[in-house]
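Turn these sequences into a full structure, and let the hints guide you.
Going down the list, the sequences are from chains A and B. When we follow the working numbering, the leftmost residue of the first sequence carries the number 70, and every step to the right adds one. When we follow the working numbering, the leftmost residue of the second sequence carries the number 19, and every step to the right adds one.
The calculated label-pair distances, taken between Cβ atoms and stated as ranges, are: (1) Arg63/B with Asn382/A: 19 to 25 angstroms; (2) Asn395/A with Asp91/B: 47 to 53 angstroms; (3) Ala119/A with Thr179/B: 40 to 46 angstroms; (4) Asp282/A with Thr160/B: 54 to 60 angstroms; (5) Lys364/A with Arg120/B: 39 to 45 angstroms.
None of these hints come from the bench; they were simulated from the model. We put the CB at the ideal spot given by N, CA and C, even for glycine.
In case you want the letters, here they are:
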Amino acid sequence: MINYIYQLVSPGIFSIKYSDIDSSNKVIVRPKYMSICHADQRYYLGQRDANILRKKLPMALIHECCGEVLSDKTNTFKKGQKVVMIPNVPGKMRKGIFENYLQDSRFLSSGYDGFMREFVELASDRLVMFEDIDERVAAISEFVSVGVHAVNRFNLESHCYKDTIAIFGDGSLSYVVSCVLKSIYKDTKVVVVGKNINKLSYFSFVDQTYTLDRLPHDFKMDHAFECVGSSGSYYAINDIIRHIKPQGTVVLMGVSENEVPVNTRDLLEKGLNLIGCSRSGREDFKKAINLMSNKEFCNRLKPIIYEDMPVRNIEDINRVFSTDLNTMFKTVFEWKV
Amino acid sequence: MIFGAILAGGVGTRMNISQMPKQFLPLGDKPIVIHTIEKFLMCSRFDKIYVGVNPEWKLYMKDLIDQYNLDKDLIIIVDGGTDRNGTIINILESIKYDFGDRDDHVIITHDSVRPFVTLRIIEDNITSVLRTGACDTVVAATDTIVTSEDGKVISSIPNRTNMYQGQTPQSFRVNLLYDLYNDLKEEERETLTDACKICVFRGYPVEMIKGEVSNIKITTVSDYKIAIAMVGGKGLD
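The following block contains the structure:
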């Protein structure tokens with residue numbers, strides 16, 4: 070069967086690649102709802118290094134997606150089963166190493182075609198089924214699973230004093246991490262520090278929000294999550310080092326194209342624990358789906374989701390990427406090619 | 019009930035590169051017709067998918083279905099006719115015989131040599147035919163179309179914005195098409211080689227479904243080369 074793969078061939082330009090599907094031992098899924106990640110947008114806008122673009126394009130974008138099983142040679146799923154797709158394709162598993170950090174893991178939409186295809190063929194363990202979740206919310210499962218993964222690692226590696234956790238950043242990632250933290254650490258004070266007061270107003274469920282300029286000098290937290298990225302990473306990380314209590318854990322999640330100078334003197338002096346977090350694996354997806362099956366949690370995510378018109382062709386793909394530049398949080402759309 | 023009808027009755031007189039009917043030529047790693055049937059099998063709305071094949075190639079078709087491990091419970095192979103409409107009529111009669119004479123039966127007919135059809139086009143056809151009784155897949159014409167009565171001089175140049183190129187699937191209520199066809203005189207049947215044209219000739223409205231430029235019909239050697247290039251294969255020389 071010939072599959073339509075919508076590849077970004079150079080920034081802003083898509084082309085269809087026609088390719089035969091090998092469905093042996095695979096599940097064939099039809100993508101239904103997709104969500105745009107900053108990483109997709111950086112490829113689309115050509116903000117990655119020219120060498121990286123040369124190496125990775127042409128490539129189908131999008132790694133946040135839910136869909137429906139059309140056929141399954143593995144007999145794991147029934148036809149019509151709603152599933153979320155895991156973009157991480159792990160290499161050889163090693164005990165104690167998370168699948169998303171294995172050196173021979175592949176990631177669909179980073180060097181390999183993402184989910185902008187007519188059909189996606191995946192191994193059965195790269196799918197997690199769901200039932201009662203709004204598909205527009207299920208589309209951001211991968212994004213939620215990244216938050217789950219970060220909180221899980223934080224839980225494994227941080228000390229037990231968790232009176233106050235601060236999250237630096239006021240974007241989608243900060244929002245999702247806050248949601249996950251509030252659902253797990255019910256007695257912990259969760260504080261969000263950001264720049265944009267409009268965005269911060271969405272964080273109605275956290276205990277406190279501050280704009281950076283109003284953050285009290287004597288503000289202290291036990292641990293922190295950095296969800297800023299880009300050029301803001303430098304300021305966020307050093308603000309965190311300034312305000313965090315000794316031996317706190319700092320989870321770094323924001324992606325920066327440039328190297329970031331860090332105040333290592335204070336970092337060493339406070340004995341801080343830095344955890345780099347990126348992507349997620351099957352267990353994180355399962356936990357994310359569990360969380361999202363809770364109606365309250367699911368409804369909590371809805372305010373950050375903007376649903377654009379369905380995508381039926383390449384012009385529509387350009388339109389949703391353009392829309393995404395003007396939405397505050399996540400852009401989701403139905404895939405109807 | 020909803021039936022697929024893959025028209026694979028041809029014996030390939032225009033391809034000149036093989037004795038094998040063009041629908042059986044390889045495209046990538048499998049025959050063209052297998053790509054087409056596989057795409058139809060992705061649509062869960064079909065109750066059965068009929069494949070009309072020249073009687074001499076029926077066994078070969080069965081072998082292919084086995085070889086590519088397609089869902090045999092869904093596929094019914096029937097004899098193709100002497101021409102395109104003949105194959106469609108054979109399939110219509112098989113449906114009536116197998117599943118009864120019912121007004122709610124609809125058929126989604128498709129050229130076996132259009133393997134680039136998309137699931138979206140198939141589903142749009144089903145949705146339309148259930149509502150309207152007849153629909154055709156088209157793309158807006160990009161070239162200027164000229165008509166000529168004698169093949170030498172242009173008779174007219176119609177307004178391009180009103181011009182479309184017909185593709186398949188073409189979809190119909192089974193009874194509607196069957197009755198319209200049987201109502202035709204013999205000489206009318208010879209000129210009305212397109213099933214949608216029969217509806218239009220009899221004044222039955224046919225809804226247009228948006229096709230894809232890529233949904234090409236592999237008819238000539240050039241088409242075949244283009245199709246091979248589209249899936250990233252090496253050209254034939």
